[in-house]
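The listed protein sequences correspond, in order, to chains A and B. Reminder that position 357 of the first sequence reads as 357 in my numbering, one-by-one numbering, no gaps. Reminder that position 222 of the second sequence reads as 222 in my numbering, one-by-one numbering, no gaps.
Calculated directly from the structure, the hints in this document are not laboratory data. There's no promise every hint is true.
As the list claims (entries may be wrong) - Only some residues are given here: those of chain A computed to face chain B with a beta carbon under 8 Å: (1) Arg-59; (2) Pro-205; (3) Lys-324.
What the hints assert, rightly or not - Just a few of them, taken from the derived set where beta-carbon distance is under 8 Å, the chain A residues facing chain B: (4) Tyr-160; (5) Asp-183; (6) Ser-197; (7) His-198; (8) Asp-210.
What the hints assert, rightly or not - Only pairs whose alpha carbons sit at most 30 Å apart, straight line, appear in this in silico DSS-like list of lysine-lysine: (9) Lys-324(A) / Lys-390(B); (10) Lys-413(B) / Lys-190(A); (11) Lys-200(A) / Lys-38(A); (12) Lys-439(B) / Lys-413(B); (13) Lys-254(A) / Lys-68(B); (14) Lys-116(B) / Lys-155(A); (15) Lys-364(B) / Lys-36(A); (16) Lys-68(B) / Lys-36(A).
As the structure is a computational prediction, the values presented were derived from the model and not from experiment. We put the CB at the ideal spot given by N, CA and C, even for glycine.
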Amino acid sequence: MEQENYKIKAVNLLRSRICDPKFIFINESPESNHSKLKFMISSSVTEACNNSILLLGPRGSGKNAVLELVIQDLLQEYPDSISVMRLNGLLHSDDISAFKEIARQLCMEHQLLFSKAASFDDNSQFMVAMLKECGLAHKTIIFVLDEFDLFAQGKQRLLYSLLDAMQSITSQAVVLGISCRLDADQLLEKRVRSRFSHRKLLFLPPSIEDSQKLLMHMLTLPIDPSFPQDYAVEFNRKVQNIIEDRGFLETLNKYLNVDSSVKHLLRFLFCAVSRMELQTGFLSRENFEIAFSSIQRQPKLECLRNCSILELQILVCMKRLEVKEQNLCNFNSVMKEYKSTLTSERYARHVCLRAFEHLIHRELICFTDNRGQSLSVEFRPVKLLISSAELHQGLRANNSCPPKLLNLMDREG
Amino acid sequence: MPVIAAKRTLRSHPSSPPRKSPRRCTAATPNSTPTKNRLGGADENQADPAAVKPKWNPKDGEQLKRAKMALHLSTAPSSVVCREEEQNMVLEFCKGCVEHQKAGSLYICGCPGTGKSLSMEKVKDKLLNWAKEEGLPLPDVLSVNCTTLTNTSDIFTKQILGLNQTQGKKVSALPLQQLQNMYSQKSSVKNMTLIVADELDYLITKDRAVLHDLFMLTTFPFSRCILIGVANAIDLADRFLPRLTSLNCKPIVVNFRAYSKDQILKILEERLNEFPYSVFQQQALELCARKVAATSGDMRNALCICGSAIEMLEAEIRESACNLNTSLEEISSSRQNFATAPDFMKKREFDTVKTDHMARALSKTYRSPVVDTIQSLPHHQQIVLCSSMKHFRGAKKDAILGELYKSYVGVCKSCLIPPAGILEFSNMCRVLNDQGLIKLGQSREDKLRRVSPKIDEGDITFALQGIRFFQNCL
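Pulled out of the complex, with its shape left as it was, chain B reads as follows (with noise of 0.2 Å):
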């Protein structure tokens, strides 16, 4: 009987489970309040659930479903964490612009990933929210994504269609100058405008107009808009706007940086204290925390690891499921074995992901490939790159395909080997630098080619160290 139920618990996994709609995602975020974690509140909350939670089942598809889903990069959470400090920073600036009915100019830069877009998202949602409740005029708000325009100066053709005011003006003037006018004159309008402008370097032109004017949009006396710029370079402002200082209107920056290992952990646990079981062990976490706030503080890519963590699990337990359907047929022919099958199964038990399946993504991730090419190139090649390495050893920094090819003729004569030809030393060399090993110049005639070398000298030793063929030459 536990046969049975073993082959069919075996026989439900392989089958997919039905897909969960993307429309009740989306449902599910406006919909639930956000909640701002104390401190001290949050502390008590992490170590309570980890105490009570059972551990997963992996071989449920629904749960391992939930738990990818809990770890992706679309699912956006309900309150922003280790943030806080910098989206009250803004929000106090757009506060103040509001009640006083005056316009200002605000900077964010950080690197890529540390949750830059998401705090904008919060804030405008939280400063409309207060507009309401303190019975003020709401603000439009006009996100613009440079990356989306053709020409730099169509953010101002959106600026436009954003306030709505098409009549009664000139069709003919260009729209920064309808935005100059109508900044400089009183209008009956009382909202103020919100512009989120992200990847504001895509902005940035020979002369640098565009950027200039739009920073210089909210000098004007009855200017209404509040603009936050939103890069990644920390001197952005200083570099491309310097006038901007002795105008006495250069924005406030507000500088995001890199994730910390303390942070990583705190978003990581914040994500999956949402799911109602324990999916990571504790150092498993820890590990991806600190490897990932080494590198860069990037979030996605700490998402992704993490990701990739409960594929490896994954992927252990189809193989585990293979071997198990094997030993149960072989434990199905001789029923003397009946009564070890229970102890068998149990043994086979995955419960967490482990630190081995976070060092196995981590290295997965941030592995090179070059070592395994180097390792897997046809003898010849490898042969030609060692010589390169030789060729460059000393001061020369790069050298033409016909010293290169006698240096490879050298080489195959000291080891005793034929060398190929030219034609063929020309055509390995084209395909090493297909793949990026080395910088293959262009030139009509081909011997007269410049080579130079793209990969390090420690990668090419390490890789050809274990062959024994080289061990003479390098």
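Isolated chain A, as found in the complex (with noise of 0.2 Å):
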């Protein structure tokens, strides 16, 4: 009972990592961004001066999960000095929300009575006059504006407002922007970007041996009395074999090449970790490339391996009129096609029109225009969604698809 115990501790601490970001993003060296972003906000606390800092990256790299880890370590330090209010650009894009929810945060953090009766103006001074009381009080106001690029549509009163109260010598506050757009400050107004100090810290993928690093990071096992000594040993000397095999490399490779993100490697690990063998309590190379392909899906291929063996010859007919450069077909067209290719074994009209129906709420075609609806089905111009590459692997997967079929396929291809 206890050799169960501690492997499946082992799996929920390899699953708690996964999900932990202070296991993955603290990095103390001085060229992370980590370290970067945490000394400007600790130097414009301790200095008392404004600062507005623009964090860019793809989706998934981090930005959110670094920017949390760095407001931690400044509120244990500075714990009476700093406030934090946080937007988001999905809740609060308009301007009068925004600041309404300003208000609230900074009425919640200071014990005060908020109203939600105040209209814009009270709530825009109100926000003007804690800015001024906070400078006096030398407390830092540190705005968190996440999706920043949504709050850069619409006239920017919000933005204008918060810079314009920073170049005043009461206030005390910063200014953080989040967004995955390269070009978010561009999108301001011109008197906007004029206020905004144009400090920008980029967050990019890592590299492929900074993610080799994480792996081994992520995935082995403290040598400490909560895990027998002989079993962690092992657990990591498998897992040093794993990492360093050939095959296991052209896979994480293979799959890091379409998207290299800190978070899309976390899935994998997740996906990985949630199939380790609970017999052995060891991670296998097969679940790294279990967790390949289930992640690798083809949702259009699936949905051709469920086909009737009528619908695959609608769809094959379809694939020779688009060969023939006619781009644009119909039902009556299709049905044409299908007559002259197939000389045998045909069904009748209604029950093709039916497994075109179905293949229309397959969304493997589609109508390509919605203007003509009060048309019948077998008039209106439909397009065809999947590739030439595609219907083959699909036929060749159907376990019903009749030979001849697929030699029509071949021959076509």
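Join the two chains, each given in its own frame, into one complex according to the hints.
Pasting the structure below:
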């Protein structure tokens, strides 16, 4: 029974690491974004000056995670000198709700009474007055604007008010914009852009070597009394062998060549760790291969695998029409091709029409325009949405596909 | 003994010094007497401190903080340099209106960061001082930032509140009508009202009624308001208020041109003159002034870049302190090298911000992150960008996703690597669209979405030319 306990504990430890940003992103080297961001904000707090910083990077590269870690560290170092206001562009993209949310968070932070009936003017003046009071009390307010490019739509009153208040001598604030758009500062209006200090932190995906180091960091067990010594040593040796394996590196490169962000890598690790064999208690290469193939899905191929023979025949006829430079077709032209191609075992027209409608529902084919809603299905132009290679793979993967249809497709290709 | 002293010096550096109170800065500003620098006197004053000033110690936290404070945006200088002519024009206009008790309107335009609002603050103070000296009734001053108005017509409400004339008036009338009625008849009030409307273009509506009515208030026979509008567009009065010309009440236009290289250099030196040490090399300030004047002429940019350059020096000192700590441990272990420690420390002295610090700060501000991002994209996303560039190289401006996928498969086949599936290709295009590298339209069906490029072909070529894989494709 104790044997099962530490194996389950190992799986839980690896899973919790994958979900913990602190384990992934803390990097104490001076070149890391964590150290740069912490230095910028802490110098703003200690030197009583205002700052505006923009964190740019693709989705999944750790912008929000690193910022939360930095804010946690700063709240421990300066517990009475920092207030954090968090806004999100998806929730507060219009100026009225943004100012109301700032007023609500300021009231909650300083134990004041928040009034829902306050107007836009009251909320904006309240924000400016609170910035002044906090500045005189040597307190820094950190504004986190997530999805910063969504705040840059419209008249940008929030950004103008924030950055204009930061120009005065009494306020102490840091405005942090987080965006995945590289041109987020180009979206700003010219007077907002003039007031924004152009400090940017670029979050780039890690290289292949850094990804391998991260793998070792994530998957090795600690050598301490929580695990049996020989089990932990053997586990780490097996993980080392897996990571140095050439086949595994090829799979990892194939996976990261499409998307090399940290979140994508963590998803791969989570799938692999979730399939760890609890009998042996060790990770194996098969876990990673199965994780890779399960993530690499082709939904249209799976759709084709479940098609009936008649539906496959209709798709092949549409592909033949497409090869004849006839991009647009309707049910009648498909039926004409169907009759001329398949000389035996033909189905009735109304049965073919029902199969045709099934293909439309599965979105393997679609109508080219929505204006002819009143027309019958037989006369509306349709378009094939899968490529020749996909159709070819689908025919071969289908168990009930007749060999004649496959030969017809081979001859066509 | 010098080793122990060095360790004490290094330990005192990371400790954060006590914070300077913003209240002192607030108190210091109104007490300081504005000094007018004549051109000849300014030259003499600038020459002498440069020769006499000692070099500063960047390791001293107090000096570092004061240097940053001198360059911060919020530190308003005692006198606005390089805008004397514009201030005098506005001041003479306001003096004439106050002296002759007649209304007038003025329009101030210029790019952001050229000192318009700061000059208006100085003009207000000078006008009040002048009226006090001359014994004239002090004008009321009303400052409105039009971005804070919820409705454009709220500016009339603020104007009435500024006048404190609510007694005996009909509450049901609109604020604009109240103002028009007040200015149509003679009243016993003698004070003029100076209205500074900042960010005036936020009052522009479809019918331009608010802006037109605001300027028309100055044409009433008993009007007592002096209106100063501040905005960025040079032709705002011509484009949005053409009727004012025919009604003979067009406002006078004062243009704040973008700062030139010499003006930026002069403003930076004026700010640094209040600091008793020399912080910057002269060539570094010259480089900053030339670069900022060439791009935008924005003084906020110049101040931020100088602040970044100081931080570059600060980061270099921190990195050198870590290396020096390691070296000192090695030195203390072997006492034979004891005598070389003072010489070793002298070589590492940092005194001023040099041109390489300024060059790094400038490139950090002005460089686009596109090339770095393209170089760090995963491999297949780079192939997608490369194939899209080849696809759009002809006369085509956009394509659908299916066509781009065919081009992508062609590039993969020519390079003998297996292509990704259509679903992965679509996901990669969405990632590139999120980062702003391509533009992806909206469609219900994935393959029919429209794709168009958003970055320059030269950027893609420059970013990918170092990779051997792409030399055949480009």
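Right, here's what the structure says about each hint:
A cut of 8 Å between beta carbons decides the hint on Arg-59(A): the least distance to chain B is about 6 Å, and the hint holds. At its closest, the beta carbon of Pro-205(A) sits 6 Å from a beta carbon of chain B; the interface hint therefore holds under the 8 Å criterion. Using the Cβ-Cβ criterion of 8 Å, the hint placing Lys-324(A) at the interface with chain B is not satisfied: the shortest such distance is roughly 18 Å. Evaluation of the Tyr-160(A) hint against chain B yields a held restraint, the C-beta minimum of about 5 Å falling below 8 Å.
The beta carbon of Asp-183(A) is positioned within 8 Å of a beta carbon in chain B (closest approach about 5 Å), and the interface hint is therefore held. Taken as an interface hint, Ser-197(A) checks out: its beta carbon lies about 4 Å from the nearest beta carbon of chain B, inside 8 Å. Against a cut-off of 8 Å between C-beta atoms, the interface hint on His-198(A) holds, since the closest Cβ of chain B lies about 5 Å away. Against a cut-off of 8 Å between C-beta atoms, the interface hint on Asp-210(A) is violated, since the closest Cβ of chain B lies about 11 Å away.
Restraint check for Lys-324(A) and Lys-390(B): satisfied, since their Cα atoms lie roughly 26 Å apart, inside the 30 Å limit. A threshold of 30 Å between alpha carbons decides the hint, and for Lys-413(B) with Lys-190(A) the separation of about 46 Å lies outside it, so the pair is violated. Restraint check for Lys-200(A) and Lys-38(A): satisfied, since their Cα atoms lie roughly 14 Å apart, inside the 30 Å limit. In summary, the hint linking Lys-439(B) to Lys-413(B) is supported, as the alpha carbons are separated by about 25 Å, within the 30 Å threshold.
This hinted pair does not check out: Lys-254(A) and Lys-68(B) have alpha carbons roughly 49 Å apart, beyond 30 Å. At roughly 21 Å between alpha-carbon atoms, Lys-116(B) and Lys-155(A) fall within 30 Å of each other, so this suggested pair holds. For the given pair, Lys-364(B) sits about 14 Å from Lys-36(A) by alpha-carbon distance, which is consistent with the 30 Å threshold. Distance restraint check for Lys-68(B) and Lys-36(A): the Cα-Cα separation of roughly 18 Å lies within the 30 Å cut-off, and the hinted pair is therefore satisfied.
The structure is inconsistent with the numbered hints 3, 8, 10, 13, although it conforms to all the rest.
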